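J.: What follows is the residue order along each chain.
Number of protein chains: 2
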Amino acid sequence: MTRNFNFSAGPAMLPTAVIERAREEMLDWNGSGMSVMEMSHRGKEFVSIAEKAEADLREILTIPQNYKVLFLQGGASSQFAMIPLNLLKDKKKADYINTGMWSKKAIAEAKRFCEVSLAGDTSENNFTTVPDQRSLVLDPDAAYVHYTPNETIGGVEFDYVPETGDIPLVADMSSDILSRPIDVSKFGLIYAGAQKNIGPSGLTIVIIREDLIGNPADGIPTMFNYATHADAGSMYNTPPTYNWYVAGLVFEWIKDQGGLSAMAEINRRKAEKLYTAIDNSGFYANPVAENARSWMNIPFTLADPGMDAEFLSGATQRGLLTLKGHRSVGGMRASIYNAMPEEGVDTLISYMQEFEQKNG
Amino acid sequence: MTRNFNFSAGPAMLPTAVIERAREEMLDWNGSGMSVMEMSHRGKEFVSIAEKAEADLREILTIPQNYKVLFLQGGASSQFAMIPLNLLKDKKKADYINTGMWSKKAIAEAKRFCEVSLAGDTSENNFTTVPDQRSLVLDPDAAYVHYTPNETIGGVEFDYVPETGDIPLVADMSSDILSRPIDVSKFGLIYAGAQKNIGPSGLTIVIIREDLIGNPADGIPTMFNYATHADAGSMYNTPPTYNWYVAGLVFEWIKDQGGLSAMAEINRRKAEKLYTAIDNSGFYANPVAENARSWMNIPFTLADPGMDAEFLSGATQRGLLTLKGHRSVGGMRASIYNAMPEEGVDTLISYMQEFEQKNG
Numbered sequence: 001m002t003r004n005f006n007f008s009a010g011p012a013m014l015p016t017a018v019i020e021r022a023r024e025e026m027l028d029w030n031g032s033g034m035s036v037m038e039m040s041h042r043g044k045e046f047v048s049i050a051e052k053a054e055a056d057l058r059e060i061l062t063i064p065q066n067y068k069v070l071f072l073q074g075g076a077s078s079q080f081a082m083i084p085l086n087l088l089k090d091k092k093k094a095d096y097i098n099t100g101m102w103s104k105k106a107i108a109e110a111k112r113f114c115e116v117s118l119a120g121d122t123s124e125n126n127f128t129t130v131p132d133q134r135s136l137v138l139d140p141d142a143a144y145v146h147y148t149p150n151e152t153i154g155g156v157e158f159d160y161v162p163e164t165g166d167i168p169l170v171a172d173m174s175s176d177i178l179s180r181p182i183d184v185s186k187f188g189l190i191y192a193g194a195q196k197n198i199g200p201s202g203l204t205i206v207i208i209r210e211d212l213i214g215n216p217a218d219g220i221p222t223m224f225n226y227a228t229h230a231d232a233g234s235m236y237n238t239p240p241t242y243n244w245y246v247a248g249l250v251f252e253w254i255k256d257q258g259g260l261s262a263m264a265e266i267n268r269r270k271a272e273k274l275y276t277a278i279d280n281s282g283f284y285a286n287p288v289a290e291n292a293r294s295w296m297n298i299p300f301t302l303a304d305p306g307m308d309a310e311f312l313s314g315a316t317q318r319g320l321l322t323l324k325g326h327r328s329v330g331g332m333r334a335s336i337y338n339a340m341p342e343e344g345v346d347t348l349i350s351y352m353q354e355f356e357q358k359n360g
Numbered sequence: 001m002t003r004n005f006n007f008s009a010g011p012a013m014l015p016t017a018v019i020e021r022a023r024e025e026m027l028d029w030n031g032s033g034m035s036v037m038e039m040s041h042r043g044k045e046f047v048s049i050a051e052k053a054e055a056d057l058r059e060i061l062t063i064p065q066n067y068k069v070l071f072l073q074g075g076a077s078s079q080f081a082m083i084p085l086n087l088l089k090d091k092k093k094a095d096y097i098n099t100g101m102w103s104k105k106a107i108a109e110a111k112r113f114c115e116v117s118l119a120g121d122t123s124e125n126n127f128t129t130v131p132d133q134r135s136l137v138l139d140p141d142a143a144y145v146h147y148t149p150n151e152t153i154g155g156v157e158f159d160y161v162p163e164t165g166d167i168p169l170v171a172d173m174s175s176d177i178l179s180r181p182i183d184v185s186k187f188g189l190i191y192a193g194a195q196k197n198i199g200p201s202g203l204t205i206v207i208i209r210e211d212l213i214g215n216p217a218d219g220i221p222t223m224f225n226y227a228t229h230a231d232a233g234s235m236y237n238t239p240p241t242y243n244w245y246v247a248g249l250v251f252e253w254i255k256d257q258g259g260l261s262a263m264a265e266i267n268r269r270k271a272e273k274l275y276t277a278i279d280n281s282g283f284y285a286n287p288v289a290e291n292a293r294s295w296m297n298i299p300f301t302l303a304d305p306g307m308d309a310e311f312l313s314g315a316t317q318r319g320l321l322t323l324k325g326h327r328s329v330g331g332m333r334a335s336i337y338n339a340m341p342e343e344g345v346d347t348l349i350s351y352m353q354e355f356e357q358k359n360g
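Chain order of the listed sequences is A and B.
So that you can map any letter, position 250 of the first sequence is 250 in the UniProt record's numbering, and since no number is skipped, the others follow by simple counting.
So that you can map any letter, position 295 of the second sequence is 295 in the UniProt record's numbering, and since no number is skipped, the others follow by simple counting.
Just so you know, the hints here were simulated from the structure itself, not pulled from any lab data.
Please read all numbers here as calculations on a predicted model, not as lab measurements.
Hints should not be assumed to be uniformly reliable.
Note that the list lumps identical chains together, so a pair holds whenever it fits in one copy or between two copies.
[Said to hold, decoys possible] Listed next, the in silico DSBU-like pairs over lysine-lysine satisfying Cα-Cα at most 30 Å (straight line):
| # | residue 1 | residue 2 |
| --- | --- | --- |
| 1 | K89 | K111 |
| 2 | K93 | K104 |
| 3 | K91 | K186 |
| 4 | K273 | K92 |
| 5 | K92 | K111 |
| 6 | K255 | K93 |
Full structure from sequences and hints, please.
T.: Here is the structure:
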């Protein structure tokens, strides 16, 4: 059995320790005689798994008491609609910061339900920067301000949390949640698809301040009302139990690593190594402004795009998988979430240097 | 390691062969060096898994070419809204047959979006029968007719497929899909949460006739439009990949058992054994009319409800788990889906007889 280094943007690598534990417990969880997949979501075994996962996540992120943690289905794409449908209340407008592909998707869906003002927009520089705080144009009549702290495709990450005063800040943290400590109290709502830094796809985490729950738009589907899930402890209907369980194993693993301060230190080191290798090469390039470079998703191009196929083929031979960049950007993309070992980044850098020496 | 017999209504037992295979492939699927959980949903490995699962399901159910198979999230509870939001088109009414708790939930959600006529209703006899074809009152202006072929809580199952003429028939098959052959062409739309007869929770299968796709109500969330998923091969956003994979293992297992005719024969035998044991006992009772008795969910009561706790405790000691009935019905419920081995039913019957001899 070989475990390769998989640079997929998501679904993505999980810690080997987590997958090994899932394997060990697969047929018989904790002497219950059942796989976690087979447990009633209302039975004491699964309830204990679910509660521990939530408690660990609350501990890791220091989530204040006045926030609910919801374990939902439907991905960030469902949140793109749920957010305006629940947070607009009697308002008609929302502010969005546009920093790339995922911001744009959130904006397109929001426009189905409200007027969208762009509080910031970096399309003019092809999404290679983040707008600074002073440049943000905040509409006092906006129901909320939405932004994407890390753009998975462009590899652009905010190096600060926007200040929005009394207007709730909403963040799509799908690709950088749990990568470093954050101050949850600065946010009204944080959401994240699980498949990058949390666990298997099919689970979406929503962390929402309680006062934002309970005023949905008229006539929305019951499943799109946050109150439905908040009131039922995320068990209004059958939740994605196995996904929730694996997420819980990841939360335990993060605690074992020393929590988010430790993760941040490792993530910073992994990213700095790779950016340094790119910048020093003269062969590879990353277009993102230094202060906006993502720790999680690092796109880079080769001096000659004609060599992309050869680069990818050699990478695959060395067990460095899924490095092809998004079609909208081209080149390569190395997604190095929490579960990517530092050894994976080192192996990639060695390969890049070797490839450059041969072909540069 | 002990594998118990778990009579949970869902999430429920999976075939041991499926769980063993999932365990074997956990760290390294097919020499890919990745767990299925870690694979990009757009990579060739996962695409091959997804396509095989769909092809096997199409083969098992003989799904005609003019039907799409969708692998979605959100459970039957999301379908309760998606169905009226997509199928009403220019109509304002839908017919629903009310045979129990899950029918009622579907009806309550539909009423948020349209006028509901009851084409049949067995509430008067406390949901212990199914209405026969002649008694159904079909509204010619209804956009569709919705029914619940098997009621998980009441243990009531239709022994026929309602004829609805040109009006599309919609079925919540969450708890009896894949339990016997069906003629898919009689249905406009079939939906099922995975967690009973398909796989882990967090996956919802929708089988929809193509002409019913593409006329959603104005202003619905993009994720609630069947066309969104049909046009993208269920990959508009990241699907629940691991759940999809395990469902595929279950489909392979069903083929190995000899397909749905073979499953039906086993399911009929298992159910008949248990009903016979109940009826012959004089101590246990099931209230459902003979022609409406479910093969999948068999509720039964003890002559003295004061003995319920003792019955359950003895059952658990013998590895017969999750037999407690739904709180709305009381007593016991044995859910005996495809994955419950005949040996599990035999063991339950032996225990019931032993308990009766001691306490009857």
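J.: Could you work out which earlier hints the structure fails to respect and list their numbers in ascending sequence?
T.: As far as the earlier hints go, 4, 6 are violated by this structure, in ascending order.
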